[in-house]
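Given chain A, put chain B in place with the hints provided.
Chain residues, written in single-letter form:
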Amino acid sequence: MIDSLFLINHSGDIFLEKHWKSVISRSVCDYFFEAKEKAVDPENVAPVLQTPHHYLISIYRDKIFFLSAIQTEVPPLFVIEFLHRVGDTFLDYFGECSETVIKDNVVIVYELLEEMLDNGFPLATESNVLKEMIKPPNILRSVVNTLTGGSNVGNTLPTGQLSNVPWRRAGVKYTNNEAYFDVIEEIDAILDKSGTTVFAEIQGVIEACVRLTGMPDLTLSFMNPRLLDDVSFHPCVRFKRWESERVLSFIPPDGNFTLMSYQVSSQNLVAIPVYVKQNISFLEAGSCGRLDITIGPKQTMGKTVEGLMVTVHMPKAVLTVNLTATQGTHTYDLATKVLVWDIGKLNPQKLPNLRGSLSMQPGAPKPEENPSLNIDLKIQQLAISGLKVSRLDMYGEKYKPFKGVKYLTKAGKFQVRT
Amino acid sequence: MTTMQRLLQLPVNAVNMVKTVQSQVQGQEEAKSPVLTPDGAQQTWYNALQPDELRHLRSSSGTGGGGGGSGDQEERATLEEGGGGGGGSFQTQPLRHDDLKEMLDSNKDSLKLEAMKRIVAMIARGKNASDLFPAVVKNVACKNIEVKKLVYVYLVRYAEEQQDLALLSISTFQRGLKDPNQLIRASALRVLSSIRVTIIVPIMMLAIKEAASDMSPYVRKTAAHAIPKLYSLDPEQKDQLIEVIEKLLADKTTLVAGSVVMAFEEVCPERIDLIHKNYRKLCNLLIDVEEWGQVVIINMLTRYARTQFLNPNINESLLEEGGGGDKKFYASDEDEDEDEEKDKKAEAVTMAKRKPYVMDPDHRLLLRNTKPLLQSRNAAVVMAVAQLYFHLAPKAEVGVIAKALVRLLRSHSEVQYVVLQNVATMTIKRRGMFEPYLKSFYIRSTDPTQIKILKLEVLTNLANETNISTILREFQTYIKSMDKDFVAATIQAIGRCATNIGEVRDTCLNGLVQLLSNRDELVVAESVVVIKKLLQMQPEKHSDIIKHMAKLTDNIQVPMARASILWLIGEYCEHVPKIAPDVLRKMAKSFTNEEDIVKLQIINLAAKLYLTNSKQTKLLTQYVLNLAKYDQNYDIRDRARFIRQLIVPTEKSGALSKYAKKLFLALKPAPVLESPFKDRDHFQLGSLSHLLNAKAGGYQELPDWPEAAPDPSVRNVEVPEWTKCSSREKRKEKKVEKPFYSDSEGESGATESADSESDSASGSESGSEDSRSGSESDESKEASESEEEEEEDLKTKKNKEKPLKKPVQESESEQSSEEEVRKPERKSKQSKSDSESESESESESESSESESEDSEDSEPELKKKKKGAPSKPAFKATKKDNKKEKKEMSLLDLDDFEPAPSPQVTPVNSFLSNSLVTDLEGLSLSDSALMPATIAPSSALKSYELLHRITGEGLSVEYCFSRQPFITDANMVAVQVHFTNNSTSDTKSLHMEDVKLQSGMRVKEFPEIELLPAGETATAVMGIDFCDSTQTANFQLCTHTRKFFVSIQPPVGELMRPFFMTENEFKKEQGQLMGMNEITEKLILDVKCRNEHAIVQKVTTAANLSRVPCGSDKECSTPPPPPKYPVYRFAGRTVTSSSLVLVTVATKDQGAAQLTVNCEKMVIGTMLVKDILLALTQ
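Just so you know, the sequences run in chain order A and B. Here the working numbering is used: position 386 in the first sequence is 439, and no number is missing along the way. Here the working numbering is used: position 1075 in the second sequence is 1796, and no number is missing along the way.
Take these hints with a grain of salt, some might be off.
Once the Cα atoms are required to be at most 30 Å apart in a straight line, the calculated DSSO-like pairs of lysine-lysine come out as [stated by the list, open to error]: (1) A/K74 x B/K1416; (2) B/K1764 x A/K226; (3) B/K1764 x A/K451; (4) A/K74 x A/K293; (5) B/K1399 x B/K1160; (6) B/K1160 x A/K463.
Simulated from the structure, these hints should not be mistaken for lab results. This structure is a prediction, so every number in the text was calculated from the model and none was measured.
With the rest of the complex left out, here is chain A (with noise of 0.2 Å):
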């Protein structure tokens, strides 16, 4: 399966190797180079390359490079979502995935990866798992180690493989009995020049944070289940019950988590909560443009939309911006040639604009396509679907937990064609 896995940075240094198999020299890497010189853009590498010898599956995340090299037929999602694991973990473990920190804790990530394959093949995946074997570094333990010469090493076997709930790990203990509930919705939706809807549809996923002694057993339950129209679930999930009862019946994971992702049914409309006034047009002759934008409340259930934000992707031939805002602060990004907006909050009394004009490149043509609106807001304590948790019960465990549902509806991909 998995020979070999290279991090990579965006500058094209390999910073760390490991093998799982015989050793692959690093030189397997130039291919991915000479893509990666070609696609200009990092998102644009194609994931999966071929060489004479092996088949290359990196992903890009973070700034980083992850190569893997493989040298014989392997689904290759399998390998992407485990190189997305192992991002997760690092994540996990460090609180950020980035070259500074895994160079920073060396040792742990090699036997973070020692641990998550064996031959190629995923062996500990499970955060709760690993972590039993192999704890996570924090600034005190880091101290008392070197004092005491104590390790980062767990002493205790990790018992987690053998039981049945592998993603728990046993005697858990908290004095604070707490379980909270992130519904967190995005918009996901194309409105065209005219403010039609094109496409919209809601993505929701549920992020718990569960800190609880014991095995609890745990259900949720909603109001309004049928919403759901697509979903999926983290293993702890019982899905006979689902299927039968429409509740999430499962013992969670110790810590944080995303227990389900979803979508909702695609019959419902989605509310769009903003709705967006835009004229932005460059002169044919003159090197100038025009731009003018206003957003203002559409369907927002009587909550404030906060958050706002506009980026605009402008052509490459506007050279500078001269605008002004009624609300918000307004950047232009000479280089990249992206305009955001910072709005804040909406006030539906007062609604924001943004207007004045663009300078462009003399010469240059004018622009046959404007640029599209990428609007990116916040609504708390609303999830816009109308879905709702009603109860959550607590079996197996004798103590009351303290119970946390929290609403938010964000945008997505919400895009204003112009």
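Structure of chain B alone, referenced to chain A:
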């Protein structure tokens, strides 16, 4: 900013402090020695490292500054030269290695750890650390667990290069393989097998074989992992490895399943026959296997199914061939109706030739059991299921995967990339399935280009008459995009839509013509190329477009586009007779400056014009040909020469010139614009080969459906058949060989195997050689037993009848009820003597048998279980006869018995579950979970009082240990609680509260009983994890009015669950639990319990253990007389920690006996000895 830079800005003291915090970065660690012991050696090391440290600082600050890490590069280069011999900057390198060696040789763990950490950091960076091998390998036996782990890491990396030295470490691992702790055994095997040293192949082979029959599933899993490693090291071992794989495939635990299939795929994917027996088990276990294993299993099963089942779309595929390619699937309801109609027709047509298709139940099982996995969070699992459905499901069912695949489009862009590739292939074959999700493939300006192009491909494939207008409108937006590659792809897509859908051809063409006035040259060029292709379809209508394009030659510079225009004009010069010569004139002028492909087309155009309109173009043509004659490109020169000969009539011109017109002006067929994804589905979807559209190494072809289905019975698990012959043989051999009740134990052993048999029918089988040979003797015993039953019974009747009766009949009724399920033939005989209820239960079991095996049939199963009870009295009454008859019957059975005719046999193990899933949950815990069901003598359940009627004010509560696995948590002991309301008023909301437990204990409360009417009783089950101790669980039992403090204390015998092992295993394990872990007591057996059955009965009542079959035991298999002093062995595991509990009762002269208990937990052992002693002596 790197940490190093941060450090540089800090004062020296602070540096030291921070350094201790950040212990991994190499450069920093040097400064740490003050913390360590300041002896002389360390000091030199500290000093010596100074220059090196500085160098490191330099290079890493260089990296941090964004300089591209040139320092690092340099370092690497020199290192590869040869470990530090060269380059000036590297003179410190050997020194540093010496220091590391010194640290490794020290006797301080902290120093060793430090050194190992640095070495591992070097390995991680790809630096050579191989010369440290001798120093490192010495530490392989180090006590410190982290040092040990890092040494393992090092070993695995360098052992291949230093084979001789690596051998030094082998003995450590061999020792580890014998460790009583399963995790240590596993890790030893893991490292041992990862060391790629050919010399140890035999050792590895031995270790793998041993581990494959280890009782810990985790060790077995590791063994499965080791198989491909050994195989890659020495392919010669294949045959032996296949044996191990075969054995592990039979494993019932989910932990092993994924890994062994993985090994199967790497070592012997062609041995599909090994899967037959395990097919159903794999299907049923699938949902509980870890996600990576799921992917591998599903992919393998797809291949398997392709070889074993018939094409479910066989009728459709015939139809497709007949019905033409442009058919849509489920495009709309109407279409579907049409489809159905067509189906009917097709069926009618094919009916004569073919019998109607009936899906193999095993095929259905696979489809059903994989479907829930579409909801997995792991994209690879979803994709695996999707491809399985695509390749195996009937057309009408494939649709379910669309939604899941569309969901994956929200994932990381790499996932999107792979999924879209597969969707593109699917849309060609089954367009209808993705049509409802058309909009999900709309393109955002922020998508990476490769994703955009794939989405475009999918949109194009999805286009049909109904949605084309929407799609074209969408394309219109895309054409304006700033991403030019994407625009070009869009234009091509439009061209493909236009060719495929006649209705929109004109619209598309007009749109493309408009694009010709686009300012971007690339767009225009691409449009020209596409227009050319479209025009070829109906040129006569579009002479104006051709004219328009002719004008474009002045402006368009892209060679491909110019060439296309020229070709068009040449091809259709009769439609534009006036313009064509003029174009040639212009081209002749610019000929020398054109690109090669354009030149070729100019020659082409000249030739065609010469043939059609020689008057006007003769001179021009000759001029062009002359120019071409002296061109630098030989292709052009050759072409010019060839054409001149062909078209210009000279006296020498050959026969060909007659045909010049035919050659040049032949009618050319219009090009077909095809998707690049066409026919990619001959590769298994989701595979690397499919993605690359080329066969990758190790790819297993997806076989075509077989013409006729191979024998489905191969998947039946053959235990019954085997029983038949072997027991027949056995019976002949040893006619009267041992005391008949060789014991109820022997009997329960038999039931056990019956059990596992039926299990296996339901998918989780026990094909393993071991368990067979283990139960072999039991089976034969069963047969001989019944013969001897009577004698023995008569003999012992007087003094044993009483103690015997109850349990025997108990276990018998159990057994027979199980046998009935398997052997309905027997019913006629039995029902003669048996009561109605009996036959009733039989008919029921029959019906459940005929039902498709499924989780649903647990219901009849439960009923059956209940029925078991009423049939008891009947049994009692006719006990004597029954026995006689039973003897005959079982003889008959064994002779006549055929393997169950239908492939589905209901699982009989009714104890375990109310659904198959929980059934399997039980399986996944450990292989032992299955056994207890039949062994636990339910009648022997002892009830304890929890709440007396008087203190409970009318409510009396009793509890007993049901000895069934507690479903929700394997580590809990199931406690059955019976409530009886003796009062006159109803009791409401009966529940538990305020559970007070010793640390570590856990309780799963029973569900609240809302109402217990006066005089009624109720039963509930709760689970308690006693943590392998006899501590009490205190809690309050609450009713709507009162609370009672109650407590449950388990007898030590209930803290374990039976564990099935063979005698050899038992002895092996016992050997490892000597010394402190062994407790021996001498005793005199009670008069009433000196026979085998009584002893077994007493022990199993006292403790929840299972009898170890003495099949292979010499004392048992020696021909008569029976062994004088038999030894009885029992095995179990504690519920919480799964520690083994082994009990041996060795009988001696005059009722004397010796009781031995081996248990890791000494307290449990001691208490157990007391309890069993008491049971046996009273």
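Evaluation of the provided hints:
Taking the CA atoms of A/K74 and B/K1416, the gap is about 22 Å. The hint holds against a cut of 30 Å. Distance hint between B/K1764 and A/K226 is fulfilled; the C-alpha atoms sit about 28 Å from each other, no more than 30 Å. Annotation: proposed proximity of B/K1764 to A/K451 holds, straight-line Cα distance about 16 Å (limit 30 Å). Of the supplied pair hints, the one linking A/K74 and A/K293 is violated, its CA atoms being roughly 39 Å apart against a limit of 30 Å.
Under the criterion of a C-alpha separation no larger than 30 Å, the hint pairing B/K1399 with B/K1160 is consistent with the structure, at around 22 Å. For a cut-off of 30 Å, the pair hint linking B/K1160 to A/K463 stands: about 21 Å separates their Cα positions.
Comparing the model with each numbered hint stated earlier shows that hint 4 is the single one that does not hold.
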